[in-house]
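So the protein lines, in turn, are chains Y and L. Quick note, in this note's numbering, the first sequence goes up one by one and the last residue is 417. Quick note, in this note's numbering, the second sequence goes up one by one and the last residue is 615.
I should point out that these hints are in silico values taken from the structure, not numbers from a laboratory. Note that CB positions come from ideal geometry on N, CA and C, so glycine has one too. Possibly wrong hints are sitting among the right ones.
[Claimed, not checked] Capping the alpha-carbon separation at 27 Å, the derived lysine-lysine pairs in DSS-like fashion look like this:
1) L:Lys231 / Y:Lys121
2) L:Lys302 / Y:Lys126
3) L:Lys490 / Y:Lys62
4) Y:Lys331 / L:Lys475
5) L:Lys475 / Y:Lys290
6) L:Lys534 / Y:Lys309
7) L:Lys475 / Y:Lys275
8) Y:Lys148 / Y:Lys126
9) L:Lys302 / Y:Lys125
10) L:Lys267 / Y:Lys129
11) L:Lys475 / L:Lys490
12) L:Lys490 / Y:Lys306
13) L:Lys475 / Y:Lys287
14) L:Lys534 / Y:Lys340
[To be verified] To list a few chain L residues with every Cβ distance to chain Y over 12 Å, as calculated:
15) Ser177
16) Arg247
17) Arg256
18) His286
19) Gln327
20) Gly375
21) Gln383
22) Glu391
23) Lys414
24) Arg468
25) Arg531
26) Asp532
27) Asp539
28) Arg543
29) Lys614
[Stated by the list, open to error] Here are a few chain Y residues that face chain L, going by a calculated C-beta distance under 7 Å:
30) Leu58
31) Met65
32) Arg90
33) Ile92
34) Leu98
35) Pro102
36) Pro286
37) Ala315
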Amino acid sequence: MQSANVLLKKIVRSSVLPFAAQHGMKKDLFLLSRTLSLSLCLKQDNSCNPSEKLDLDAWKKVMKSGLQEEVSEMVSERKELSTVSAAREILEMWRLAGRPVPETLSEEQLKTFMECPSKSAKKKYLKYLHLKELYKKNDKRKTDEKRERRLEMQEQASKPDETKRNSFMCLWASTMDRAYSWRVAQSMIFGQPLVFDMSYEKDMSAREVANAVKQIVLGEGFNRRSVDPFHIHFCNFKDDSLYNKEFIKHYKEAWGRLLITVTDQCYTEVFPKDKLIYLTADSPKVMKTFDHDKIYIVGSMVDKSIKTGVSLARAKRLGLETAALPLEKYLLWNSGAKNLTLDQMMCILLTLKDTGDWKKALEFVPKRKYYGFVNKPVHELKKTLNLINMLKLGKRQEEVQKQFAKNYSKKLMQK
Amino acid sequence: VQPPDKPLQAEEWNRLRESFRSPEIFEEVMFNSMVRCNSPIDVAKSLLTHVAKNNGDVAYNLLVKYLALCVQQGQTSEIRDVYDIMKTRFRILESGAYSLLIRGLSNSDQWRMALPLLEEVKKIMIPSRTNYESCIKAACRHQEMNLACELYHEMLAKDLVPTLDVLQAFFDFSRGTKAAELQKELFGILLYLRENQIYPHRTFMWSIKLWFESIPGGNWRGHLTNIKDSGQCPVCNHQLESSDLTEEEYNNLRERIIKDVIHGTDTFRKTSPQEFEAFQTFVENRLPFDIVIDGLNVSHIKPRKMQCENLFNAVNCLAKENARLLVLGRKHMLINSSNWKREIMKEMQNKADFFFAENISEDDAFLLYATLRSGKHCKFVTRDFLRDHKACLSDSLTRHLFRKWQRGHQIAFSPSSKKILLTVFIQQPAFCYDCVVQTTGDTWHIPYKDTFEEKYSYQVPRKWLCIQQKR
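Let the sequences and hints guide you as you build the complete structure.
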């Protein structure tokens with residue numbers, strides 16, 4: 003049987019038959035051989051063992067029998083293994099072993115993978131790609147489901163259309179866009195400037211730059227939709243920078259039409275020095291009120307590898323005033339770094355500008371980072387804190403409680 | 145899931161699978177728990193057979209898990225079978241399977257088969273240090289010391305850090321050796337420990353001792369001992385190496401501190417160029433100091449007391465011996481407040497030199513600079529471990545130098561009930577000797593860790609192995 007099989011394969015391989023047929027037939031033949039060999043195995047089992055006993059090594063025969071022919075093919079291919087295809091093969095094996103590895107990798111991603119300096123960096127990068135792929139797949143599945151549902155709905159509701167009468171044309175999106183643009187354009191003439199310092203590229207990895215740009219794009223969106231937008235300035239912006247590349251990736255052709263000021267000058271050249279305030283979490287000074295005459299500077303930096311004092315150093319060098327948000331004063335801090343994302347900063351500043359209300363503004367600080375606001379009555383705070391400690395620490399709650407009470411009374415005394 | 149304790153028939157597996165809540169991953173979960181419970185391999189085989197008959201194939205991850213089970217139980221023939229199957233089925237394997245195969249085979253009498261596998265791993269990636277460990281240990285166990293040494297050097301060349309187990313294996317299996325080459329190799333390992341400031345643990349120390357004593361005609365004798373505070377070994381009366389840095393090391397360290405710690409990527413992060421310059425001229429005009437004090441750190445020793453009072457006590461305590469003191473602080477200390485009384489500050493300034501940095505500058509960097517600039521005799525006072533400054537140094541060699549210098553020059557106050565006692569850093573007497581593996585040719589002194597005592601990076605072992613050659 004096997005020899006016949008090999009013969010058939012040879013015929014197939016000599017490509018007498020057209021390509022499509024080749025593929026179809028190959029599969030069929032394999033299936034055939036596999037089932038045949040399998041049944042052979044089974045028969046043997048029955049013949050030599052009493053029906054009760056198991057042949058424990060039967061799986062080895064199965065594994066070896068179905069694959070003998072493929073191997074000879076592989077050996078001949080083995081010689082021409084470039085590094086790229088070798089890397090792909092390793093990835094495939096990792097995937098088979100059940101590691102978090104993406105199913106498909108573009109050439110560019112494969113290159114970044116091979117350039118990773120260490121094993122752990124490689125693992126990390128693959129995991130990141132794997133998760134990204136999963137999210138993408140899920141999103142696609144969801145949109146597909148949605149579309150199907152919509153189609154169904156349409157079919158059900160496909161009665162003769164009665165045109166709805168309305169005094170407005172249905173042009174919401176573009177009308178809103180125009181209204182927003184008017185507002186931002188106005189802010190470019192009369193609005194309060196807000197500066198993003200784009201000089202941190204060399205302090206960041208490529209991923210961090212990408213994240214920073216993503217955050218700024220989000221922040222710009224919030225600004226555009228607000229009642230009284232800032233006039234956004236990107237200062238120290240170089241045209242050949244990674245920032246620029248990433249912005250173009252996000253905005254595409256809208257990048258040229260964006261209602262913001264982009265300049266390669268430093269903010270000290272654009273604005274008078276005594277009006278500038280650099281916002282940084284490392285600042286020893288705490289912001290008390292939002293000043294409408296000042297120009298606030300936010301450093302466009304995502305800092306995953308805790309580099310303290312980078313933006314403070316920049317402000318010091320230029321002799322600028324600095325300030326930090328009064329997070330400690332208003333929030334009972336839980337955990338996490340005090341530096342916030344750029345879109346959160348934008349939301350906080352916008353709210354402060356509109357209302358001057360710290361409580362409202364600091365709602366934008368992620369909830370996981372704090373227990374609650376300080377201006378609640380003390381006993382209420384204690385209650386929630388007790389609960390948290392009970393859940394978190396179990397037995398040690400009493401000590402923590404005492405310590406907290408002490409700290410808190412100290413805090414009150416200082417005020 | 146609890147794996148069954150004897151092989152099951154196909155229908156029984158089917159039934160089990162049906163009852164499991166997510167049948168797609170049933171086999172995987174089952175294999176995992178088999179590895180965890182160390183089930184007999186027959187059970188695993190019966191499941192594999194069931195899978196093979198159903199699908200006509202066994203997935204790679206199941207094979208690897210089965211392999212793990214075989215390695216765990218030392219089933220050499222099974223390991224070989226699985227390897228044969230994998231080789232025919234897949235062009236290359238991934239690191240997990242290779243590691244299992246190498247470990248499984250090197251522990252068996254077919255340990256030589258692990259070597260070509262190691263070669264195969266090298267083709268696709270850098271083998272892990274445990275891969276090398278398995279092979280080297282196997283070679284040692286079978287007295288192939290040349291091969292073991294070869295692999296060991298290859299591993300070092302790849303920047304892998306050998307485990308202590310590997311190093312110990314060399315000593316364990318070379319007892320009674322006469323070969324000069326091998327002896328040189330083992331002395332090389334001891335020097336490796338010295339250069340990287342690695343301390344062997346108790347059992348490793350015994351291996352070293354036994355090896356020395358087994359050298360034919362060597363007349364080596366080893367004793368466990370504690371070194372005196374003076375740095376003298378009570379057994380052989382030999383004086384240990386001094387903890388002072390050499391002139392070159394000292395200059396090197398000073399330059400690196402200025403470059404990496406004070407300036408770093410941006411001078412403004414810790415100070416400012418103007419301030420640093422001002423500080424430099426300040427120090428140059430008053431050189432040399434005997435003791436440099438971190439004022440703010442010292443002022444927090446006793447939380448109940450006023451901060452300037454703490455500092456005052458410390459300065460008085462140190463000033464008695466006619467030493468030249470420098471106190472580093474920040475400008476806010478000069479403002480009269482509940483913690484900082486102007487009169488007391490005035491009085492202190494008569495007894496010591498003071499430098500006040502900006503409130504947002506880091507005074508620790510100044511502390512290091514002033515101490516290093518004053519010379520080798522100068523000590524500094526702080527309770528800070530200075531770990532963040534050590535971390536700023538860019539290479540491990542300089543970091544080792546920094547640690548060594550710190551051990552010999554840092555003084556820490558610890559508060560006692562009545563008065564401030566002057567004790568030197570962390571329960572250790574002033575180290576005038578250096579705590580590393582050291583030799584004079586006919587003596588070896590090797591510090592070792594007791595397995596039970598916990599060791600932090602700033603602590604050094606107190607126990608020593610003294611080995612001397614009797615002629």
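Enumerated hints in conflict with the structure, sorted upward: Violated: hints 3, 8, 12, 23, 26, 32 and 35.
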